[in-house]
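Number of protein chains: 2
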Amino acid sequence: MRALRVAVLGCGSVGSQVVRLLDEQAGDLTARVGAPVELVGVAVRRLDAARDVEVPEGLLTTDAAGLVARDDVDLVIEVIGGIEPARSLILSALENGASVVTANKALLAEDGPTLFEAAEKAGRDLYYEAAVAGAIPILRPLRESLAGDRVTRVLGIVNGTTNFILDKMDTSGAGFAEALEEAQDLGYAEADPTADVEGFDAAAKAAILASLAFHSRVTANDVYREGISEVTAADVQSARDMGSVVKLLAICELMPQAGADDAVAVRVHPAMIPRSHPLASVREAYNAVFVESEAAGQLMFYGPGAGGSPTASAVLGDLVTVARNRLAGTRGAGESAYADRAVLPMGETRTRYHVAIDVDDRAGVLAAVATAFAENGVSISTVRQEGRGLDAELVVVSHEATDAQLSATVQHLREMDIVREVTSVMRVEGDHE
Amino acid sequence: MRALRVAVLGCGSVGSQVVRLLDEQAGDLTARVGAPVELVGVAVRRLDAARDVEVPEGLLTTDAAGLVARDDVDLVIEVIGGIEPARSLILSALENGASVVTANKALLAEDGPTLFEAAEKAGRDLYYEAAVAGAIPILRPLRESLAGDRVTRVLGIVNGTTNFILDKMDTSGAGFAEALEEAQDLGYAEADPTADVEGFDAAAKAAILASLAFHSRVTANDVYREGISEVTAADVQSARDMGSVVKLLAICELMPQAGADDAVAVRVHPAMIPRSHPLASVREAYNAVFVESEAAGQLMFYGPGAGGSPTASAVLGDLVTVARNRLAGTRGAGESAYADRAVLPMGETRTRYHVAIDVDDRAGVLAAVATAFAENGVSISTVRQEGRGLDAELVVVSHEATDAQLSATVQHLREMDIVREVTSVMRVEGDHE
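Chains A and B are the protein sequences, given in the same order. Taking full-length UniProt numbering, the leading residue of the first sequence gets 1, the next gets one more, and so forth. Taking full-length UniProt numbering, the leading residue of the second sequence gets 1, the next gets one more, and so forth.
Just chain A, same shape as in the assembly (with noise of 0.2 angstroms):
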């Protein structure tokens, strides 16, 4: 019986992790995929760097390029990361006859159809379950599970430094800086946290739930994105006095276009939602994506969404799926993106917004704010007023407008004499009392 043959392209946290399961699962991974599994090479940027694994004397090489051109290499995992070199190094695989498995959702959100497109003409596997989520199977349950219902939306808490962060601002009531540094301290958050607190990796996984779910192609560059950076220690309280938390999104929907096919709305931005939501109780850095489909109803996928081991638990996941369509002579389905939907402006996307104001205490206050979301076109779901004098604050949660009719509301108000702030803004989801 003939082996198959993997290369593993980076050796980090990851890049590790897989390296010890190919060893300390061989007997298992033999007997699922039906052939042995033997690691061929791994491709290091040097090779006396410092690692968790033990790597077979001879098998570590600097030479990337080279060992995805060997022609005795069957599978190929890449685990850089980044755009290049890892794009060339994928296209090249692919190009020499390799299945790839890659956890590279920069990559896939940037130029997934490249990618795709290269495995098709190939006639080969290109499985990515590990980009999104670390090891909870979501993208697997999304292009097959569900492929015979009709997704609807997709609510991720995707990203676990934000999560972290904002789970610390909830129990202890500190501000953003204090709970990035507590996260950077426990080793949640990098020393340069601009990629997961500003939203681009959550924006990122956004565009390949999207792109799955809906059967389009979706890129980071359709995702509306905003972090978290700007969420206040008064938000996060505002949330609290509606019985709600502040979560980090990642929010992919269907939207009805009249007399046209519905549309496609991709976002990224902290949201508040009800403590009673199955996602509010996502804590520390917890992933979890919920799902609601016409047929299925609303589903939830929970687990680890980062780490070496829990990574490496996808990758290989994807491993032995590749491994198996490999000896059958097969591939997996495809990319679809044969719906083909357009994607929506933010401004054209029908959100709900929290507004919480600080007002002068004199009559007609409360008829001035609400003629301002009026004009606008927004309608009012729930006002709430607190304290007198020059305390008093409104509380004011509105229905579902357009993005760019709520903002509006929010500089209309900003500019009223009557109101001396605006404290708190958020998108607010799932649904309130």
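Calculated directly from the structure, the hints in this document are not laboratory data.
Label pairs and their calculated CB-CB ranges: (1) Ala404(A) <-> Gly243(B): 45 to 51 angstroms; (2) Asp71(B) <-> Ser381(A): 55 to 61 angstroms; (3) Ser379(A) <-> Ala26(B): 37 to 43 angstroms; (4) Gly243(B) <-> Ser379(A): 40 to 46 angstroms.
Pulled a few chain B residues facing chain A out of the computed Cβ check, cut under 8 angstroms: (5) Arg32; (6) Ser145; (7) Leu146; (8) Ala312; (9) Gly317; (10) Ala328; (11) Ser336.
All C-beta atoms, glycine included, are put in the ideal place defined by N, C-alpha and C.
Following the hints, put chain B in place on chain A, whose structure we already have.
Below, chain B alone, put in the same frame as chain A:
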């Protein structure tokens, strides 16, 4: 492009939704499969029964055997349920070269191997995602996503009826009989609720989950089973007092064996789990499956566990995969029982007990009770003493011991003079303080 021809066996709550979705999603199914999917027959018991869907003229038949024997049927969907005639029909369909999708947990748990062997021999697919936890994708993740990992434990709330009843008992303080009646009034429980409340339904699902998780053959007979009809309001209150909640759990675990391969323990019984456990927040008739694996860590899958439309979503997801395989001239991975693990009897399975005891309030009582535990080789984790005088109660939570040791301890306690009554005995899962 040749259409793939589908026969549906059964047109009850699930079958009628399958027929509806096949029609409503026809365009999407064609795009996702790569060929049209055409309904060619629906087998029913009576032609004139009331149905939730209008079946196209001429497709209804009472001759199920004739339908699966037709040589122009590519795919057969079995949603009749029960052992016969479902088994004969599935075997006949496979022999005739059709691929099969079924939701039949009872049949799979009783006689799965016969079906798997028939599928293997015919070179056809047999898929059954809908058999466990309705719309929740759990079998595919176990079988495929976690194929490169080592699953150590599966804890599932896989029966909606009993979860509804226990949730009601927890939130309202009702007893079992009252909560069951409400479940029956609301349509969550059947007139004869035995299969649900005595754990038979959950045990069938546990057998299926254990087989997939541990790559071994586990049948319904291998599953230790206790239902919830003996759970009292006092048990639920006792759980509440220690920050826990009572759930009917399907538990599938690897159990280390000295000097031998890990064995498998599979059981269904009510258990107290801490309210902080992700499964504790599964309310009403929802289902959830919690999976622990070596590399991925803790995952949870949550959603509606029953109902015509959710179950039909799972059936159609399988149908798309099976149809794609058919077009590609291949089949998915068959069942794998290579690990061939032994199934441990309940007595040898390691568990933990919660025991509440009415005792005489006199000196030496605690020492006597502690001695009873020690003499049976069980060590105590926590003891809580409540009340005084006639109302004195001891609540003991043990450390792990074999179920036989724990059961003997309870018997021993019942025979002690100072013990007036053992008021609550229940197994405990998850990390309690």
